[in-house]
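The primary structure of each chain is shown beneath.
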Amino acid sequence: MKIIDTKFESQTVTNNMESTRLDFPILKLKVNNKPLVYLDSAASSQMPQVVIDRLSYYHTAQHANINRGVHYLSETATAAYNAARCKLQQFVNAKEDREIIFTSGTTDAINLVMHGYGRKFIKAGDEIILSTLEHHSNIVPWQMLAEETGAKIRVIPINDAGELLIDEYEKLFNKRTKFVSLIHVSNSLGSINPIKSVIAFAHTHGVPVLIDGAQAAPHMSIDVQDLDCDFYAFSAHKLCGPTGVGVLYGKEELLESMQPFKGGGDMIATVSFEKTTYNTIPHKFEAGTPPIAAAIGFGTAIDYLSTLGLDEIHAYETDLLNYATEQIKQIPGVHIIGTAADKTAILSFVIDGIHPHDIGTLLNQDGIAIRTGHHCTQPVMQRFQIPATSRASFAFYNNKTEVDALVAGIHAVKQVFS
Amino acid sequence: MNAKSLYQEVILDHNRKPRNYGTLDDASHQAVGHNPLCGDRLDITLNLNDEHIDKIAFHGESCAICKASASMMTAAVKGKTYAYAETMIKEFRDMATGKLNLDNPHHLGRLTVFSGIQDLPTRVKCAILPWHTLHAALNSVAGASTEAEHDPANASTV
Ligand SMILES: Cc1ncc(COP(=O)(O)O)c(C=O)c1O
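Chains A and B, in that order, are what the protein sequence lines are.
Under my numbering, think of the first position of the first sequence as 523, with each following residue one higher.
Under my numbering, think of the first position of the second sequence as 1169, with each following residue one higher.
Accuracy of the hints is not assured; some may be wrong.
Facing chain B, a subset of chain A residues (Cβ under 10 Å, in silico) [to be verified]:
id, residue
1, Asn554
2, Pro557
3, Ile876
4, Pro878
5, His896
6, Pro901
7, Met903
8, Pro909
Simulated from the structure, these hints should not be mistaken for lab results.
Beta carbons are placed, not taken as given, at the ideal position from N, Cα and C, and that holds for glycine.
Okay, chain A solo, but in the shape it has when bound:
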């Protein structure tokens, strides 16, 4: 299926990373009378004007329910929604567009696999491998499944730098191993896991692998066929898109073998009180009216990022990370948590004697937005024996002036506490 989304003319976007920030109206804000320094893109990234305009255009001239109307608006909205699916297919290089399922986000995508695959194929005594680095959204669903079925959870440990211990991973495998669910990039430490070899090893044991790509897809190019992952999940709101939508990529044959997650309209072929038959994929997993506007906006965000180039984004952000790491590690009393050799632009740190929440509140006085807390990764915090960290996360629209502002802000925080 190839439908071109012709009605909306994208604005031309700049190709120079330094000037991309001009595409983001929110970055012109002042907070507490200071220019906003937004260093929380790992939580949610900002939307460029083209995405905001696309959402506005949809609501102004295209809004209707999809897949059911024969009228103009419904056909238009359906075509735009399907076009977004094709953009996502190309973005991760999936073989078929029906392997792309729109979910409400990464959490929803993981829960879909837990219900659709896990509850059907995982039984008492079976083992599921996770890692210490997981976000709670890739722990809790599997714990729920383990509780329900009597399956067991095994955990890949990490070293002091925040890197997976691959030897330990390989030792976890046995005849009962039935599933691996692993984070691609740690949201609290930035570590990039060597997922390609991890997946290949699991496959030698015939075990399928789900990758939580929430923090990877925004920062590097993803090729699901090259990775050979069985499932890959990510969220639009971390990819310069709107909230409320995300993607589950799944290999066609796996998706076909799974049971539906939610029941309702659109996911059925026929319904009677005696028997209901299910629709084909991806519709089998998209019950009810999906987040149509958000999915279309997501497609535009993908166009925007692809124009910039994910490899270029990765190189620019790595340079920014190196610059920030050099500056911050020189500040006395500041310790960086997460020093993996291979990292995305996430910088978690603690300061001796100062609680992260106090750091966050004081930096906010200078217009600097960082995240403080456990980042939904309490096992990582336990591993480093700390309650919380301060986390600055960078996107391609950040620059070195903002890193300098962060460094000055940290000095000012230390001053208050001195």
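Add chain B with the ligand to chain A, keeping to what the hints say.
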């Protein structure tokens, strides 16, 4: 008030030299408070003697706002009656959420430095946690008797 002046006024003193920091071995009442959002935790132990708070101590893992609030709170309620402490708890909660008119008579004294916290909505919980925990500690005897009613051993008599 801006956050920096709030920090400068309360932190200088109470964060670095918290009053009544520690645990009472012979406490008659105690409670543990949690802030699930940030993982902070605070223990309060106290001795209630003839309706008066004779001794009180706190310890735990928390941010500066929480620690300073706990330190000033323990200093303020020590020697006071149960009823007086409960009045202060209510007034402090109301002040932190912007519901107390400080122009009217109140019992908060120097604790009014925390009035600025109402402008930092994400931090209100940090300032209030010690007061919630004190309330729970003061009522831990009543709590114990309620528990007895729900004690499975007593269930058959109900
Ligand atoms: C690594 C990781 N996984 C999963 C999630 C959950 O994403 P969402 O809240 O969009 O479902 C996040 C976002 O916080 C994340 O960083």
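To see whether the hints hold, each was checked on the structure:
1. Asn554: holds, 8 Å
2. Pro557: violated, 17 Å
3. Ile876: It holds, given that the least Cβ distance between Ile876/A and chain B is near 8 Å, below 10 Å.
4. Pro878: The hint holds - Pro878/A has a Cβ within 10 Å of chain B, the shortest such distance being about 8 Å.
5. His896: With Cβ-Cβ at 6 Å, under 10 Å, it holds.
6. Pro901: Given a least distance of 13 Å, the restraint on Pro901/A is violated.
7. Met903: holds, 7 Å
8. Pro909: Because about 5 Å separates Pro909/A from the closest Cβ in chain B, which is inside the 10 Å limit, the hint holds.
Going down the numbered hints, you'll see the structure goes against 2 and 6, while the others check out.
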